[in-house]
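Line order of the protein sequences matches chains A and B.
In terms of this note's numbering, the first sequence is residues 1 to 499.
In terms of this note's numbering, the second sequence is residues 1 to 497.
By construction, these hints were calculated from the structure, which means they are not laboratory data.
Keep in mind it's a predicted model, so treat the numbers as computed, not measured.
Treat the hints with care, since some could be wrong.
As the list claims (entries may be wrong) - Below, a sample of chain A positions facing chain B; criterion: calculated Cβ distance under 7 Å: (1) Ile395; (2) Phe425; (3) Leu483; (4) Phe485.
Claimed, not checked - Covered stretches of chain A (in silico footprint by chain B; criterion: 3 or more residues with CB under 8 Å from a CB of chain B, positions within the stretch not fixed): (5) 398-405; (6) 411-423; (7) 471-480.
Glycine is no exception: its CB is placed at the ideal position from the N, C-alpha and C atoms.
The primary structure of each chain is shown beneath.
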Amino acid sequence: MYAWPHWLALVVMTPLAGAALTPIAALLDRRSPPWWALATMTFTSLAATMLVLRVFAEGPFSYLPGGWAAPYGVELRFDEFSAVVGVICLIGWMAILFSSRYTRSLPEFASDRSPYYYALLLLNLGGMIGFAVTGDLFNLFVFLEILSLSGYALVAVGGERIAEMAAFKYLLMGAVSSVLVLFAIGFLYGMTGTLNIADVTARLGALEGPTAPAAVALALLAVGFVTKAAIFPLHVWLPDAHAAAPSPVSAVLSGLVVKLGVIGMIRTYRIYYGAGLFDLTVLNHVLMWLGAISIVMGAFFAIFQEDVKLMLAYSTISNIGYIIMGLGLATTYGVIGASVHIFNHALIKATLFLAVGAIIYRTGYRTLSDLRGVGRAMPLTSVALSIGAISIVGIPPTAGFLCKWYITLGAFEANQPLFGFVLVFGALLIFVYYIRMVNAFYFREPIHAEVTEAREVPVSMLLPTLVLASLCLIMGVLGRIPLTFIEPGVVRLLAPLGG
Amino acid sequence: MEDAFVHSALPLLAVLLPIVGAGIVPALGRGSERVRHVALLTICSATAVLALWFVPGALAGDVREAYLLRVTPQIWLHLRVDALGVLFGATVAVLWLIVLIYSIPFMTDSHRLRRFYSFLMLCLGCMMGVAYAGNLLTFLIFYELFSILTYPLIVHEETPAALAAGTKYIVYILIGGSLVLVGVVFTFFIAGEQTLAAGGVLSSDMDGGALRAIFWCFIAGFGVKAALVPLHGWVPDAHPAAPAPFSAILSGVMVAAGTFGIARVVFQVFGVEVLSQLGVMPYVAALAALTVLFAAVLAVNQDGIKRRLAYSTISQMGYVTLGISLLGPGAAVGALVHITNHAFMKGALFLCAGLLSKHAGIRNVSEISGAARRMPWTMAMFSIASLGMIGTPPLAGFIGKWYLGLGILDAGRPFYLIVLLGGSLIAAVYLLPIIYRAYFGQPPSASARCPDEREAPTSVLAPALITTLLTIVLGLAATVPGSPLSLAQQAVDSFFR
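Please take these sequences and the hints and turn them into a complete structure.
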């Protein structure tokens, strides 16, 4: 079943085609877009499942559209890191289900706007999937633009003035980073005469003459992707954008879109580790330090937020810091921890944003002091939120603990114990915020009648939240699954280092 | 090495029973309170019976093991019941049962009882997990869980003071927990192994700097929970804020969990030989001695009864750490036995303090004058437990201090004998005036605060009486097989083999 080669093409094409057809579906029936989007994502998830099963059974594989061989055809390549597609589908599906009710009853989604919302969401998901599976540098850039442009629009879809400002800021930073990536791809093409990632790697390794342009390309790629991943101090676009967007969109942006910057970084690493052109120690040290600074600064800013969504946005910066630091440690345990956290943080952050979204949807408030007592009014949602918060702090045995354990092990492996300390204590800072949240939700007297009278959200919103929350717990216990899955990929990524 | 390994599901049952119970209790509570109480008592008694069931086996040197879960190749959970674990587990389960019996009448007019009992049961399960943890990671997981699950119990009253104390508690504890985590990861990285068994996983041919770093991570991490001065800041605030029954647990076994962790690390992660070569223990001993005296001196000046008792806990836990840090068999026996004996003595004191506060409105030492006339039973129990705490023979407190004193002389450090006696002397200074005032002080004039200034009802007196009787029995029957002393000796024998 999973050996059928065309799943790889379908997984990219389905959401993109689905996006294009959404407005037509809306013309036929005004209420159909959410269900159309859900059907599209269901099929995409099926394809993604097949792909993940295949890569687990057979290792990485390629697909050549139309049968054109690599230098001419545009190769799609699915490896262990591409398995992020599975998470993209899962969270995309949950976000769309959550949105189906959300868009129907909120004023900012006048019915004529809702089809475009779903089209943009599908486009964004399709762009991410394409980015994760492409084996071609130019396609990488194209998909980066698809996911970025749809991202800007999705932030603005809320329609408030602050959302427009946030989207504009996001657009500025995003466009600059895209251009940097494009420049770098141009450099690489100029040097090697090819755009296929495997070919670029091989030819770069055999390169004669000055290596400076390759170094410049590396620097440009690194800065570009690190900006997309919102690493301090290039994070300034993130908090407002993620806080201003509608909550399901925040879940997608915070849980998934920033991770694609990390995937881009991993792709860059594969080219340069594979080429073996120069020693990457300097870059690794820079990433390690940037990661450490992000962990601390993200958590530090998060503590002082009154707005729950802003706090979650800052905690994303902190968590991306873990991942980038794990990559920079460049040891097996460190990179395994980072890769697993790409997956686990997506689950956790989506849980948190959906739970907060449900609370905002019912009460209309979003600051801690306004939300006092909501834990009693909406018990299930609040439990989901608590599970997410405990996971994000990395309390064992939740999903977040795996990353703490492995990246800290990786820090010792790299002989950098200081970074292990930074990671463990950065997580503590976030917990301080969580204590404020628990106090407000459960132990303080409510000040608004809307909060005490709030009911649980309808099933279509509650179900995704609870499913994701239970995954936060389950993936902590079944940590072996993502770990054994990603290990060969990590070993292959780091292999040329040893010799 | 221990004599025999028995694979058994019973340890798992002891951990899971209360945790599952915590899930059932809120569902039952909707119908009738009576059903809920019966269910709670059944679960808690079953856990206590299980915990005591392990005692004969542990005395014979058996070790029960249960593998739980291999999460990843580097992360696995496993339970392992050795003599040390049995000692602590039995202490926890029995004290918990007594406190539960006390809570049911004591807490009736409090709010959010379902939350209170659920978290109480969850904490019991996690504490049993701490006692029976077979490797460092399992220990850490249960240790972190119970530390966090304690939070709703500390802030139960939901007053601003309770919330502030709770925040202080959680910040201290999580910093400690993180240090322990770093220590666990570092140990695992160096040794590739983390099973807790006599002899230790680290050996002295490993890098000395790394070993020292691991050691201080563990000591500082567990030191927060064990309230080693200067890491003790949360203790005096958390105890008065928590409801009285929970203060008894907090003081009796939760603070002790920190010293229990130190014992595990010293004897089963490093091992006696490695540590004596490393030469770090004298510093810990000095710190512990400072804790004993410093906290005792601070206790003298506290007016709040629970606050004074909290400082006394810090001081008493200093004895335990001191005993462990001398690395001698006698001192270690004294330390381990004192964990158990202190739990019941301090339990009795806090339960009495709860009665004083609830039935006579007395929260401060300055208000206690004449209380013995109104509440003779309560004050009698308070007096016996106080004498035990000071270390009067033949009460429970004496046993630990006796062995500790012998161990100190064994180790050739007579200076610590002065600390030991000085601590007891100051304990007399901060506890005896309470008793003196209660018996001989002038009761307040006719405009008394509390209308029903009579003795507390039997239902709450009985559990307090059990702890008081235990204080006497554990002292008198210390040499009977199956007593805490025999278990502690069995555990220490395996460490010093």
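Results of checking the hints against the structure:
{"no.": "1", "hint": "Ile395", "result": "holds (6 Å)"}
{"no.": "2", "hint": "Phe425", "result": "holds (6 Å)"}
{"no.": "3", "hint": "Leu483", "result": "holds (5 Å)"}
{"no.": "4", "hint": "Phe485", "result": "violated (11 Å)"}
{"no.": "5", "hint": "398-405", "result": "holds (count 3)"}
{"no.": "6", "hint": "411-423", "result": "holds (count 5)"}
{"no.": "7", "hint": "471-480", "result": "holds (count 5)"}
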